[in-house]
Every structure is written in C-alpha cells, then in structure tokens.
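Q: Spelled out from the first residue to the last, the chains are:
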Amino acid sequence: MTPLKRILLAEDNDRDVELTLAALEEHNLANEVVVARDGAEALDYLHKRGRFAGHANGLPVVVLLDLKMPKVDGLEVLRQMRANPDFKHIPVVMVTSSREEQDLVRSYQLGVNAYVVKPVDFQKFLESVKQIGFFWAIINEPPPGTMKRAG
Amino acid sequence: MVMKASVENKIVLGFVASVLALMGVGWLSYRTTTNLVASEQWVSHTHEVVTTLESGLAMLTDVETKQRGYLLTGDEQFLKDCQASQAQVDGWLKQLRALTTDNPRQQQQLDRLEPLISERMAVLNNRIKLRQEQGLQAAADAVATREGKNLMDEIWSGISTMRDTENQLLFQRQQDAQAAAQTSLIFILTGSALACAIGLAAILFIRRDLRQREQIDMRLRESQALIQSILDHVPAIVYLKDLEGRYLFVNRRFEQISGCSRDEVRGKTVFDISKKELAQVADEHHRKVIATQKPVEFEETVLYPDGPRPHLAVKFPLRDAGGKIYATAGISTDITESKRAREELDRFFALSLDFLCIASADGYFKRVSPAVTDILGWSVEEFLSRPFISFVHPDDQAATLREVEKQIVAGEKVLQFENRYRHKNGSWRVLSWRSIPYGGLMYATARDVTEQKRAEEEIIRQKGELEATNKELEAFSYSVSHDLRAPLRHIDGFVKLIEKQAAEKLDERGRRYLGIIANSARDMGNLIDDLLVFSRMSRTELHRINVAPESLVDEVVDSLQGEIHGRRIDWKLGVLPQVEADPSMLRQVWANLIGNAVKYTRPREPAEIEIGCNADNGEFVFHIRDNGVGFDMQYAHKLFGVFQRLHRAEDFEGTGIGLANVQRIVHRHGGRVWADGKVDGGATFFFSLPKTKTGTKG
Chain A
1 MTPLKRILLA EDNDRDVELT LAALEEHNLA NEVVVARDGA EALDYLHKRG RFAGHANGLP
61 VVVLLDLKMP KVDGLEVLRQ MRANPDFKHI PVVMVTSSRE EQDLVRSYQL GVNAYVVKPV
121 DFQKFLESVK QIGFFWAIIN EPPPGTMKRA G
Chain B
1001 MVMKASVENK IVLGFVASVL ALMGVGWLSY RTTTNLVASE QWVSHTHEVV TTLESGLAML
1061 TDVETKQRGY LLTGDEQFLK DCQASQAQVD GWLKQLRALT TDNPRQQQQL DRLEPLISER
1121 MAVLNNRIKL RQEQGLQAAA DAVATREGKN LMDEIWSGIS TMRDTENQLL FQRQQDAQAA
1181 AQTSLIFILT GSALACAIGL AAILFIRRDL RQREQIDMRL RESQALIQSI LDHVPAIVYL
1241 KDLEGRYLFV NRRFEQISGC SRDEVRGKTV FDISKKELAQ VADEHHRKVI ATQKPVEFEE
1301 TVLYPDGPRP HLAVKFPLRD AGGKIYATAG ISTDITESKR AREELDRFFA LSLDFLCIAS
1361 ADGYFKRVSP AVTDILGWSV EEFLSRPFIS FVHPDDQAAT LREVEKQIVA GEKVLQFENR
1421 YRHKNGSWRV LSWRSIPYGG LMYATARDVT EQKRAEEEII RQKGELEATN KELEAFSYSV
1481 SHDLRAPLRH IDGFVKLIEK QAAEKLDERG RRYLGIIANS ARDMGNLIDD LLVFSRMSRT
1541 ELHRINVAPE SLVDEVVDSL QGEIHGRRID WKLGVLPQVE ADPSMLRQVW ANLIGNAVKY
1601 TRPREPAEIE IGCNADNGEF VFHIRDNGVG FDMQYAHKLF GVFQRLHRAE DFEGTGIGLA
1661 NVQRIVHRHG GRVWADGKVD GGATFFFSLP KTKTGTKG
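So the protein lines, in turn, are chains A and B. Numbers 1 to 151, taken from the working numbering, label the letters of the first sequence in order. Numbers 1001 to 1698, taken from the working numbering, label the letters of the second sequence in order.
One chain only, chain B, in its complex shape:
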C-alpha cells in the first residue's frame, strides 16, 4: 500500500510538474507572441510617424512653393493654394502630436518645432502681405534677408531629429523584441523538453505500475484458485454469504450435498435451498455473527440426500481492509461418526461394571459412570460433590495422594493400585485402580475387589493352614522314616544275629519262624519306603527342565539288571521326544512302569516290552506295552489307587503304591494316565505330558 501510494504520488507529482511546465511554456509563448505583435505595431507606428514627418516636410515645401508663386506672380490662385496648405500644416501638427503622445521626447521636440513652424508661417504670411501691400520688390527684399531660409533650416533639422529619434526607437524596439523572442524560445524549448521528459517518466511509471498490478492480479487469481481448490477438497461444507445472507461462494462439498452448483446458488439465500426451519436456524446464526462481530460455534443439522446429519459449524465475520464486515463465512463439519462413536462410548461408559471416572487435579471427580452407585451406594451427584480423598480410608489417603501426584506431576500411568473407599452404608470397599493421566486429568477405572480380596485372604489363610498341615505331615514322615524303620532294622538285625550265632540251637520250625520275622520286617521296610516316596512325590516342588526320556529309560533298565538277569526279554525302544519335566520324578515314573512290565512278564519266555511315544494335540503320549499276565479291565479303575493290587503278593510282590505314584507325578506335570489290558493278554500303560509346561504347581 505504501509503495502504491508513493507511486501514485509520484505520478500525480509528475503530472503537476509537467502541466506547470506546459503552462509556463504557454505563458511564455503567449507573451512572446504578444511582444512580437506589439513590436510590429510599433514598427508600423514608427513608419507612420516617419511618413507623417516626411509628409509634413512636403507640406511645408508646398506652402513655400505656393507662397513663392504668389510672390512672383501675384496670382491669387497661388495665394489661395498657399493658404489651404497652411491649414493642412495645422492639421498635420495635430496629427503628429496625437501620434507621439506615448513618447515624451518626441513631444518635447514637437514643442520646440511648433513655434518654429508658426514663426515660419508668420514670415511667409508677412511676405505675402508685403507683396499685397508694397509689391514684388518689397517682398523680394524680404526674401533676400534669408530670414525665412534660416527658419526653414531649423525646422528641417527639428523634423530630421524627430525622424532619427523615431528610427532609433524603432531599432531599439526591434532589438528588444528580438531578444525577448530569443529568450522565450529558449524557455519554450526547455519547458517543452522538460514537459516531455516528465510526461515520459510518468508514462514509464504508469506502465511499471500497471505491470505490477497485473502481476498482483495474477497472483491474486492464483491464490484464489488455490484457496478454492483447497476448499473444494475439504471434507467440510464451506460457504460465504454477504450481509443479506446471499451466497457468494460455496465449496464442492456444499454443491454435492445441496445438489445445486455454485453458479445456481450464488445470489440465493439459505431459504431458497433448504427447509424453512433449518434455514431459520442458519439465518439466526448468520445475523448473530454480524451483530456480535464474533465467531459463533454451534451444532446444526444438515439435510443430506439420505436424511439429516449432525454437523459442527463455525461461522465468522469477514472484514474488508477497513475492518468493516462485508460477509460471513461458515465451515460445517459432519460429526455423525464422532457423535456415534461418542454415543457408543457413552453406552459402554454407562454399562461398565467397574466404575469409570475422570478426576481433576483440583481433587474432585469431573465425571463418573453410574456403576459408582452399584459399587459404593452414592449417587453420581453425591460422588462428584465432594473431594475424592474424603471417600478414601484415612489409612489409605497418603498412599492415594502419592499415586495422584505421580500421575499429575510425573505423568506416570498407574496400572495397579488398591485403596478403600467408603460405601454410603458406612462399610469400606476395596477398589483396584488403573489410571492414566492425560491433559491434566486422570482417567481411571475402579474395580470393586472387596469380595475377591476377601476370597484371596481366605485362600492365603487356607494356604497357610495347608502349609502348616504339610509341615506336620513332613515332620510325621520324617519321624516315620527315622523312627519307624529303626525297630524294623533291629528286628531284622537281631534275627540275623540269632541265625548267625544260635542257628544250631533252633529246630527247623524255629529257623522258619525266624525267616518269616525277617521277611515281614523287610516287607514293612519296603512299604514304609514306598509310602515315603509317595508322600515326597506329592510334597516336593517340581523342578522342570528339558529331559530326554530315553536316557531315563536306559538308566532304569540298567538298574533292573538284577531282576532281568537270566531272563530273555525283547526290548523294543522307540524314539522318545524331549519333554519339560522334573527328571527325578519322571525317572520314578519309568522305574515303576518298566519295573511292573519286567515283573509281570516273569512267566513269559521270551518277554516282550515295547516303549514308544506319539505326539498328539499338544501333548506327548508315552506308552509301555508288555506281553505279561495283564489284568481284568473291570478293575482298571483300581490300578492307580494307593495300596490297590490286582495280584496276590505270593504271585507278584509289591506294595500297591507304584502306580499311585505314577499317577500323582503325571498329574502334577499336567498329564493323564490310563491303561489297557486283558487277563493273560498283556498290558499297555499310557501317560501323557503336555508339550509346553502347563502343569499345576506345588
């Protein structure tokens, strides 16, 4: 704007200067011309004066000539003519005075000339009188005095002086006029050149200015096109209205939704293209913007071809360079989706079993879901009306404030925090919190874990009891292990000592009895050992590592060499996969199963024992098949029970604990055991282990 103004100023200044120069040139021209005209007049005036002066000489000569004629001839005609010429001389003098009134010098000379002429006329008239009265001689004598001739010479010289003066004046005037004309010419030329230069500069300025304007116009058009292009691709409805509410511009989105092109819409009002009640609302906002001169934001309904949709609109005034409002603009965004999403969230918010809340750093809840009433008894209003800390158990307040501070100050999430809140009925409820800070607020969910806590405490208590029981059991087992076996050992020991030192004093029966006592003691020892193992398998912790069952099987088979010795057994050992298990326990499993297979195939020659594994549904299923005495499937359910035996001890020794052990160990590893068999048809025992560790602990 500043530049433009200065350019304009320059142009105006240039024009003014150029006009002034032209005016000066004109004025100078005018004056020069006037001078020239005046000078011409003066020349002709001078000529007239000179001519008049010369005609005066002729007249005077003529008067003298006529007078002389009269004097010589006395002819009256000459006298008359002389007198007429004298009258002309008077007229001539008058004329001359009139002609030279502007020139005081000529007038002075004329003042001197007039008396001379009058005197001459008087001399002439005297001679005439002499001729008339005294005759020719008297007149001739008078002429001979040469009085008249001297006068005449003075007159001649006076007239000549006047003529010279006039000519001199003329010359002077002509020179002045010429000089003035020359000066004027210089001024005119300079002025014209200046005017031309200024005019040229002005033209250049104007042309440059016009070019700049063109460029600005072009850029303006480009930026308008850019704005329009942007507005056309904005997913919102955009429109401009003049103060009377007539559309000036609408974007493409507007066109699509209204079904009218921008050319159709231009000049129309919202009443022309929308429903009356919607148009009235829009119009009110339009007026409000103009009245308040401030933007307004509001929700409105926009009519789409498929029905009305909620929009968030902002309308704001547009001002011209002078700050005056000339139009309003509106931007209206479809919020159907966000509104729906919000409503969905609101539904979940209202539905949640946990209570959801937003808390502010000022210590109050800003919003809380209705679940708070179910959990704490307070209405939402009651809950919002008091600082939240006032609901917290006094012992938990410090910790609660620390958590709040952590969020507000450090911006940390709180993933697990528990405190007690007062129920409206006066009881305390344990709430488990999860909270994140955002924008100075805390967004939190609170779960009522009172019952859960109670249950947990109960479980902990029961676990404690169980542990105590286990401890007792352990102590009991320890005693059994140590104390119960001691007497057995003593029985056996002393029986052996008797056998050794006093056998010869006993008869056959006595020796047999001693044998029975020793066997009973040994059986009871085995029983106690098996029971202890069983108990230990239940109590000791599992230490799972990767185990190769093949090596366990090999170890077990090696350890059975004493029993296998002298027998023919066909072993079929398949490939066994690695499993995650407690190696000592898994070894116990194989020891029991392989031991059984060896034991119950004792009557077979050869015995066949096959060990293998199949992968199935996330678990490994191991099996051990033998061609031994088998069992009756109707008692299969008893196989894995403690002290349950399907064979008599006389046939096959055993305590009835081995398979119970197997079952317990496999169960603890998260697997299953089962068996298949037939009397005298062999038996197959299966057990499964999960491929990944999912077994129960403890």
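The shape of chain A in the complex, shown without the other chains:
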C-alpha cells in the first residue's frame, strides 16, 4: 500500500530535498512526503492540477516551503494559500537559508505557522527537520479535512 502523502515539501534544490528526506527518514516520515520542485508545482498539488491532476491524496497536514524558488516563490505560495478558504488553515513552515529580517516579517505577516533557518551544520539541520516533521505530522492535531496519520 502506498502511504498517503501527508507532507508537502516545496524545494527547488535536489540536494536539499535529499537531505530533508534523509532527515525525515529518522522518523519514518520520508514516504509520506510529496515534493514540489517550485512554488507553481506546490500550488498545482494543492489544486490537484498539472502534474498532480487527480492525485488521490487529501490536503497535506503541513507544507514545508523554501523561500526562494523559481517561478513562484515561497511567500507567494503562502499568500495564495492564505487567500484561499480551502487551504488557509493548513499549517505552513518556512524552511529557508535566509536569516533576513524582512523575510521573517513578511512571512509572519502572511500568516506562516513557523519559520526555520536551515543550519549549515548537518547535525543541526537533521535535528531541525526531524523536529518539524515530528511536531507537525505526528504531534499536532491537523485542521479538519486533512489526513490523519494512518493506523
């Protein structure tokens, strides 16, 4: 049985995707992640269109957004989600390299649920991603309409 994809990761960098998945593996969450390679894909997934047309997964319990992506950046994805009544309650975590205050401020203004700076140190990165996955996908009670953990 293919596990339900409950985590949407929007990240344009292959290596980051791989490292993030490696980190999520620690909690056996890697299989529940669907990866969008830019903001446009992330929105496609939510709207079940384009590459993701007709996918059977429900709404994710959490969306991990990189800030800087081609086509549509993370802030824009966040903005569109918050403007859409179907997606506005889905928790969004910014996972980014940027420590810039303006990004932080802008993200919170748009209603982000958490903002995590990717540490250079892999050990710390590992910890961060594990904690994000653990908290949002396991601990947190997601809003109605999203998928609960199987079993």
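Because the hints were derived from the structure by calculation, they are not lab data. By construction, the Cβ of each residue, glycine as well, lies at the ideal position given by its N, Cα and C atoms. Among the hints, erroneous ones may be present.
Stated by the list, open to error - One side of the interface only, derived from the structure: several residues of chain A facing chain B at Cβ under 8 angstroms:
id: 1; residue: Asp12
id: 2; residue: Arg15
id: 3; residue: Arg79
id: 4; residue: Ser97
id: 5; residue: Val120
id: 6; residue: Asp121
id: 7; residue: Phe122
id: 8; residue: Ser128
id: 9; residue: Phe135
As the list claims (entries may be wrong) - Pair ranges (Cβ atoms, derived):
id: 10; chain 1: B; residue 1: Tyr1513; chain 2: A; residue 2: Ala83; range: 34 to 42 angstroms
id: 11; chain 1: B; residue 1: Ala1475; chain 2: A; residue 2: Ala83; range: 25 to 33 angstroms
id: 12; chain 1: A; residue 1: Ala56; chain 2: B; residue 2: Ala1475; range: 35 to 43 angstroms
id: 13; chain 1: A; residue 1: Gln123; chain 2: B; residue 2: Glu1563; range: 13 to 21 angstroms
id: 14; chain 1: A; residue 1: Arg106; chain 2: B; residue 2: Asp1523; range: 25 to 33 angstroms
id: 15; chain 1: B; residue 1: Ala1361; chain 2: A; residue 2: Arg106; range: 51 to 59 angstroms
id: 16; chain 1: A; residue 1: Ala83; chain 2: B; residue 2: Glu1563; range: 18 to 26 angstroms
id: 17; chain 1: B; residue 1: Arg1567; chain 2: A; residue 2: Ala83; range: 49 to 57 angstroms
id: 18; chain 1: B; residue 1: Tyr1513; chain 2: A; residue 2: Asp86; range: 50 to 58 angstroms
id: 19; chain 1: B; residue 1: Gly1641; chain 2: A; residue 2: Ala83; range: 33 to 41 angstroms
id: 20; chain 1: A; residue 1: Gln123; chain 2: B; residue 2: Tyr1513; range: 15 to 23 angstroms
Given chain A's structure and the hints, the job is docking chain B onto it.
A: Frame of chain A; chain B shown alone:
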C-alpha cells in the same frame, strides 16, 4: 459764554429798571413838591385876595363914614378925607382885578361889583353935592331914602360872594394838592421799594457771578498748574512764544537744556539764548507758522551742554477765542537714540548678505538693500522700477502671488517660500523667502539658495545612488545568505551522511579528511553569518529606545552558558545606567565583547571579568576588563578592523569581524570605542554612548 451773557444782560436790565424806577420816583417827588409849593402859593394868594376883599369893605365903610361926617358937620376936612378914600377904592378895584385875573368867575363877579361900587360912589357924591348946595336937610332926606343902604348891601353881598368863592377855591385846591401828595407818596414808596428790590437782586446776581468767576478762575489756575506740571514732566522741550518770538512759557526740560530759568527766559527771544545760526532756523519756522497759520514739522539741532543733538520738532499756532493767532507753541523731541538705532539698522540693512526688502501691495518693492545687486545683478533703482512679479520665473508667478495674497489679505507670515528670480545676466536664481506683513506692506528677506539647492539636489541624487547601491548590496547579501550557504550545508550534510552510512569503508585518513571538509564548511558558514550580521548592522535603521544594559548583559551571559560550563569565572558586574539605543544592536555589542572576554580568558583559572560604567562629560563610558591573554598595544589599531585578528585561529577561533561590528554599532550610536591591553596582562575594552541621542542616522 451764553450763561455769562445772560447774567450780564440781567444785570444791565436790573440796573436800567432800577434807574427807571428811581427816575420815576424822582419825577413824582419833584412834581409833588412843585404841587405843594403851588398849593401854598395859592393859599397865600387866596389869603391875599380875601384880605384885599376885606380891606375893600373897610375902605368902603371908611368912605361912607367920612361922607357921613361931612354931611353932618360940613367940615371940609371930612370931605377931603372922603375924597382921598374914594381914590383908594379905585386903586383897590384895580388891585383886585389884577389879583383875580387867573379866575374868570371872580372876574365876572368883579364885573358886576364894579358898577355897584361906582353907583354907590355916585350916590355918595350926590349927597355931598346936596349938602353943599342945599344943605344938611336935603342931604338927610336923601339919606333917608335908604337908596344908599340897599346899594351898600348888594356890594356887601358881592364881596362876600367873592370871598366865599375864593375860600371855596382855596379849599378845593388844598384838597387837590393833598390828594396829589398822597398819590405821589404811594408812588414814591412803591418806586423806592421796587428800586431797592431790583438793586438787591442785581447785587445778588453780581455776587453769584463773582463767585462763579472766582471758581472758574480757580479751576483755570488748577488746570494751568496741571498743564504746567505735565509739560514739566514731558521729556520733550516745550515752549510758547508770542508773535514777536518772545518766550511766554518754557517747560523744565527747556530750562535744563538752556541753563536758564523760565523767569530769565520770559520776554527774551531765541537769539538771546542760542547760537545765531540755530536761532535763525528756529525763528524762520516761527515765522512760517504765523504766516501759514498751520503746524510745521521739521528736524532741528538743539544745543545741549555736551553738544548738539538732533531733535524732531513740531510748531503750531495758538489762537484766541476769536480765532486770531496770538502765539506759537513748539514741542521738540530728542531723537538721538532713534536716529542712532535707525542708522545702526541702516548699516545692517546695507551690510546684509541676504537682500532685505519692503514690498507694497501695489506690486512694487519700496525699498531694497544693496545685496540685491550682488545676488541678482540689478541695481537697486532697476529693481525698484519694475513690478516684482516681472522678475519671477513664469512657473513660480502663480505661487508667488498666492503667498503675497496670503500676507496682504490674511496677514499671515511666510516663513518658508522659494521661487526663482531672474538675474540680470539672464540666469535664474533660487531665492528662499521669509516675510511678514505689517501695515499693508511686506517685510521680507531673501536668501540666494541657488548653490545650496544645487548641492541639495546633488545630495539627493547621491543619496538615491547610494540607496540603489544599498539595494544592490542588500540583494547581494540576500543571495549570499541564501545561495552561498546552501552548498556549504550540502557539503556538511553529505559528509555527515557518508560518516553515518559509509564510515566503515574509509580508513583513518579518509575519516580525518571528511572531518576537515566538514569543519571548513562550518567555518565558512560562520564567516558568512558574521559577514551578514556586519552588513546588516550597517544597513538596518536604528530603533532607539530606553534600554537597561544590565538586562542585555545578563541575557548575553546566559547565552554563553555552553562555553562557560565547567570553567571558573569571577564576574564583577557594576551598576549600568539606562541608555537610549537600539536594543538588538547593543545586545550584539555586549555579545561580542563578553564573548571575547570569555574566549580570551580560557587559559585562566579563575578568569576575572569586570563590567562597569562611568558617566563623563555628557556620555556614558562602559568598560569590560578581563585577565585574559591580552594583546600587544602596538597592534591596537588593528583590533577593530574587519578580518583583523591578533591571534591564530588554532589558539582562539573567530572570524575577525566581532570587534569591527562593535565599532560600527557604537559609531552609529554616536559613541567611540577603544581598548587597552598588554600581552598576557589582560585587556580592557571601552565604548561610550552619548547621554542624549545625537548619533548619526541611517
């Protein structure tokens, strides 16, 4: 005046009435007296008439008696006497007629009496003749006829009638005279009483009038004293001159300045007390006032004991009640001070770098300072000869007129207004105006800010460029932050994954190499982070609030627990005052300084770190002293430079940016940083912050 005239009229009227009454009384008295005298005369006249009448009877009796004597005796002597008496009777009749000529009635009676008497005389003479011719008997017979006796009775009765008439007349006259006297008496008494009353009233009037006059005089004297007192305390020179220029009055100021008392001056002319040339000028004005009958105003020089002083004088004519000029008055005010003040102002006016001007609502400048020539090239005359709006740049004219209207109509000040004026050479100069309206005029200063404007524009342009550069830099930093760290993270990440999943396939050397790769990546990450912080500290805006540095220090020390753990450090924390600063930046300062102190005291057991502050000359000087490895003072200047390090990374890790950050932040707060140290002798870092916010912005 009206009242006075009426009082005078009344008095005159009273006198006239009283005199008329007295005249009437006099006239009445005179007439009464005359009447009385006349009446007396009449009485005596009547007596005379009566006496004459009675003496006539005696005469007639006497004639009869003598005639009878003759008749009886024939004695010739009787005859002679009889004849003499008859002659007397004739005289008596004449006398009687003369006496009663004024009375026609008596004359009539006399007319009847005279023939009777003549007849009687004739009868008597007949008897005498009979006696002479026919003797005694014939005469006796004639007497016996009683003819003579009847005549005589008629005569008697005629005389008696006349006497009664006379007496009656007398009585009538006496009564008339008495009645007239009584009437006169009443008139005299009434007239006298009236005259007395009028006289009394006149006296009362006069007395009241005199009293009023006295009061008026008193008030006049009081008001004169008041005027004099006022004039004596006026700081101006005041004097009155008669038409010939002789002083009538001078005030105290005049006395003080001329050195002559008013009594000495009175009657003298200006020529007697002043210099001839000054006196001539004064005299001319005096004559002018008299000739024109109008006030004149002029500036004059007055000789003070310490020298001449300029005065502003006004001379004016004084007129009597009839409007005729009888004197001139002069008031002369010392204008030395105001003249000096004006001259001073004029000097500044001429000296000003900005051009000063007075503009009128008619659109022309009334006065302009010479600076206009320096600024706009036009001469003062040229500038005044054209409406000011014609000098203004066409695009600025509407705004200029609005400002003018604001002042003229609304009376508002204009504190800042700029427009362009045409220079004589055809270029435009930007003028900055400041103007206030007063009395329908605008008083303005204009500063040539053309160069300043140009400089400002240049600064704005440069600022724009700088902002653009900053934007680029920001974008660059952003990229660095995001993109440059990503590969490092990947290096580290995959190294760790190798270590985790394939460590057993590597030998010792391979594992060491992997460690070096990971460390290098981490170092570069730190370097990038520090650089980003440094860049951010320069770019982000300061948000100053009141900050308690003690709490910042506590936070920093707490955050260093990882490094402090297991070490012995003696902290000496002094009292730190509140400052106005950006809290996150100030925190960065303490983080760097305390972090350094902790780091460089690592070899010490125990380490000593002291933090304190001294207030000094409007600034707070904070310090942090440690007993660490210190530094060589000859390299002190390198301490605060970017990437400058005095220790090897093997001994003490670091990027060489921390102190550069400290310096930049403190400078941005308007403070200074410096350090004191000795190799192996510890180090002290100082930084100052101003007590009030004076730091540079941006």
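Q: Which of the stated hints cannot be reconciled with the structure, identified by number in ascending sequence?
A: 1, 3, 8, 9, 10, 16, 19
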